[in-house]
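Asks: Residue numbers (this note's numbering), protein chains in the order written: chain V, 1 to 177; chain E, 1 to 177; chain A, 1 to 177.
If you're looking for bench data, these hints aren't it; they were derived computationally from the structure. Using N, Cα and C, we set each Cβ at its ideal position, and we do this for glycine too. There may be inaccurate statements among the hints.
[Unchecked claim] List time: in silico BS3-like cross-link candidates among lysine-lysine, alpha-carbon distance up to 25 Å:
1) E:173 to A:173
2) V:173 to A:173
3) V:173 to E:173
[Said to hold, decoys possible] Facing chain E, according to a computed beta carbon distance under 7 Å, are these residues of chain A, among others:
4) 47
5) 62
6) 130
7) 131
8) 132
9) 133
10) 134
11) 144
12) 149
13) 151
14) 152
15) 161
16) 171
17) 173
18) 174
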Amino acid sequence: MDGGLPPITLILGGQRSGKSRLAETLIEDAAGGGLYLATAEARDGEMTDRIAAHRARRGPDWETVEEPLDILEQIVEHAAPDRPILVDCLTLWLSNVMAAGRDPGRAVEDLAAGLEGLAGPVVFVSNEVGLGVIPANALARAFADAAGIANQRLAQRADRVLFTAAGLPMVLKGRPL
Amino acid sequence: MDGGLPPITLILGGQRSGKSRLAETLIEDAAGGGLYLATAEARDGEMTDRIAAHRARRGPDWETVEEPLDILEQIVEHAAPDRPILVDCLTLWLSNVMAAGRDPGRAVEDLAAGLEGLAGPVVFVSNEVGLGVIPANALARAFADAAGIANQRLAQRADRVLFTAAGLPMVLKGRPL
Amino acid sequence: MDGGLPPITLILGGQRSGKSRLAETLIEDAAGGGLYLATAEARDGEMTDRIAAHRARRGPDWETVEEPLDILEQIVEHAAPDRPILVDCLTLWLSNVMAAGRDPGRAVEDLAAGLEGLAGPVVFVSNEVGLGVIPANALARAFADAAGIANQRLAQRADRVLFTAAGLPMVLKGRPL
Numbered sequence: 001m002d003g004g005l006p007p008i009t010l011i012l013g014g015q016r017s018g019k020s021r022l023a024e025t026l027i028e029d030a031a032g033g034g035l036y037l038a039t040a041e042a043r044d045g046e047m048t049d050r051i052a053a054h055r056a057r058r059g060p061d062w063e064t065v066e067e068p069l070d071i072l073e074q075i076v077e078h079a080a081p082d083r084p085i086l087v088d089c090l091t092l093w094l095s096n097v098m099a100a101g102r103d104p105g106r107a108v109e110d111l112a113a114g115l116e117g118l119a120g121p122v123v124f125v126s127n128e129v130g131l132g133v134i135p136a137n138a139l140a141r142a143f144a145d146a147a148g149i150a151n152q153r154l155a156q157r158a159d160r161v162l163f164t165a166a167g168l169p170m171v172l173k174g175r176p177l
Numbered sequence: 001m002d003g004g005l006p007p008i009t010l011i012l013g014g015q016r017s018g019k020s021r022l023a024e025t026l027i028e029d030a031a032g033g034g035l036y037l038a039t040a041e042a043r044d045g046e047m048t049d050r051i052a053a054h055r056a057r058r059g060p061d062w063e064t065v066e067e068p069l070d071i072l073e074q075i076v077e078h079a080a081p082d083r084p085i086l087v088d089c090l091t092l093w094l095s096n097v098m099a100a101g102r103d104p105g106r107a108v109e110d111l112a113a114g115l116e117g118l119a120g121p122v123v124f125v126s127n128e129v130g131l132g133v134i135p136a137n138a139l140a141r142a143f144a145d146a147a148g149i150a151n152q153r154l155a156q157r158a159d160r161v162l163f164t165a166a167g168l169p170m171v172l173k174g175r176p177l
Numbered sequence: 001m002d003g004g005l006p007p008i009t010l011i012l013g014g015q016r017s018g019k020s021r022l023a024e025t026l027i028e029d030a031a032g033g034g035l036y037l038a039t040a041e042a043r044d045g046e047m048t049d050r051i052a053a054h055r056a057r058r059g060p061d062w063e064t065v066e067e068p069l070d071i072l073e074q075i076v077e078h079a080a081p082d083r084p085i086l087v088d089c090l091t092l093w094l095s096n097v098m099a100a101g102r103d104p105g106r107a108v109e110d111l112a113a114g115l116e117g118l119a120g121p122v123v124f125v126s127n128e129v130g131l132g133v134i135p136a137n138a139l140a141r142a143f144a145d146a147a148g149i150a151n152q153r154l155a156q157r158a159d160r161v162l163f164t165a166a167g168l169p170m171v172l173k174g175r176p177l
């Protein structure tokens, strides 16, 4: 389908760069709506507010599934040609993986390998976190390393990679918008 | 005028990415000089030095107005076809708005709405602050959120949006340079 | 040579953005291998691991020289038409310069001026560190300023400037890849 989604899309961007909204727009233009796979857990008030705001913005043509850790299983189970999946976001998933004591490198390899031959398109949203001053804190440094490696691995695997700034996309890989 | 400025330009970039200098160059190429609307206040020695360095770099064809908060009033008052306004910078203005206890979302909406039908071109300079590790500090997180939303809103409103890195511009929206 | 390297290349990117690997690929495509000029010193276990991982990734067609401070002397001494030099990285060099009590602005000017008429191509890798929340810490702020100014100066001097995100390059200056 012209204007349709490729099998794997990756949307990179900073905090509040408009990357989730771009993902929603791409999916709504292609299929009206889709499955929103949220990796966030509403553990505090700030996060609850963010999740509610995201949910309110999306229309009734979206279904929501929450999964902090085992996203590949959810993707494989729910993939369908007419209902794209939006994974929002990869960075938070990685943070959950590390908090659960799992190896982030292994988890990213398993995810990338498992994206072969899916029944429908997936759009990943991911934070770019490595462009500030390198953190003094060793854990923050390890996290930025893991997030950067995950973004590289998914970008390699993706058919199209976009970078958003102030809500405006740049195409890093694949067909122009 | 060919090579002239569109009504609203937004220049995004990191700390010391050359965004103010790019704004000055665009204005000097189009009109020789302009009005520099500084949102910084010289509260400490470091800031005084930065302001003095900026002022020394600009030639005598520039006039300077300092306004930490009510920039829309200054823009409306000073807009003129032959003297572009450089607002440097939006991020610091937003920080002043928050420090004054005003609602940043409301302030950004008022600003964007007030830019209709100005008598002359305006160039906004703004920091991209959301591409590092997400801050542990809740206030820094709230500020990065507000700054990202402001950049999105102004980008939507702008005729041309540029992103600078190492002094080199990328065009995100509008006519190529 | 078509596909060959220009005299000076600058590759910008965040932490774990794939910039070193891109530099290696450009050099291997052009000349099979080259001289790796490492500005890192193995002062702790984390850094030792990083250096070892970098070294293991490069093949036997690379030679390594370690120099934390006087990189211009090494570049001038080792420049050769058939063996490009990879300087990895400029940001760490700048941090070493500041830690040694030298003036970073002066050091960058001396480096830029000394790159005239070299006997062979050089590829600089440098971190973009100014796109996160502006640090509360004055030293971190001064470092981000110095790094931004260094990137601007080298970008001005370079024949080609690339920006990497998730391993994917954007051309900011010079010939497309």
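Asks: Take the hints in turn and mark each one as holding or not.
Replies: Going through the hints against the structure:
1. E:173 to A:173: holds, 18 Å
2. V:173 to A:173: The given pair, whose Cα atoms are some 18 Å apart, holds under the 25 Å limit.
3. V:173 to E:173: With Cα atoms ~18 Å apart, residue 173 of chain V and residue 173 of chain E stay inside 25 Å; holds.
4. 47: For residue 47 of chain A, the interface hint is violated, since the closest Cβ of chain E sits about 19 Å away, which is over 7 Å.
5. 62: With Cβ-Cβ at 26 Å, over 7 Å, it is violated.
6. 130: This interface hint holds because 3 Å falls under the 7 Å limit.
7. 131: At 4 Å from the nearest chain E Cβ, residue 131 of chain A passes the 7 Å test, so the hint holds.
8. 132: holds, 2 Å
9. 133: With Cβ-Cβ at 5 Å, under 7 Å, it holds.
10. 134: Hint holds; residue 134 of chain A Cβ to chain E Cβ min 6 Å, cut 7 Å.
11. 144: holds, 5 Å
12. 149: holds, 6 Å
13. 151: holds, 4 Å
14. 152: Since chain E brings a Cβ to about 4 Å from residue 152 of chain A, closer than 7 Å, the hint holds.
15. 161: holds, 6 Å
16. 171: violated, 10 Å
17. 173: With a minimum Cβ separation of about 5 Å from chain E (threshold 7 Å), the hint on residue 173 of chain A holds.
18. 174: violated, 10 Å
In this structure, the earlier hints numbered 4, 5, 16, 18 are contradicted, and the remaining ones agree with it.
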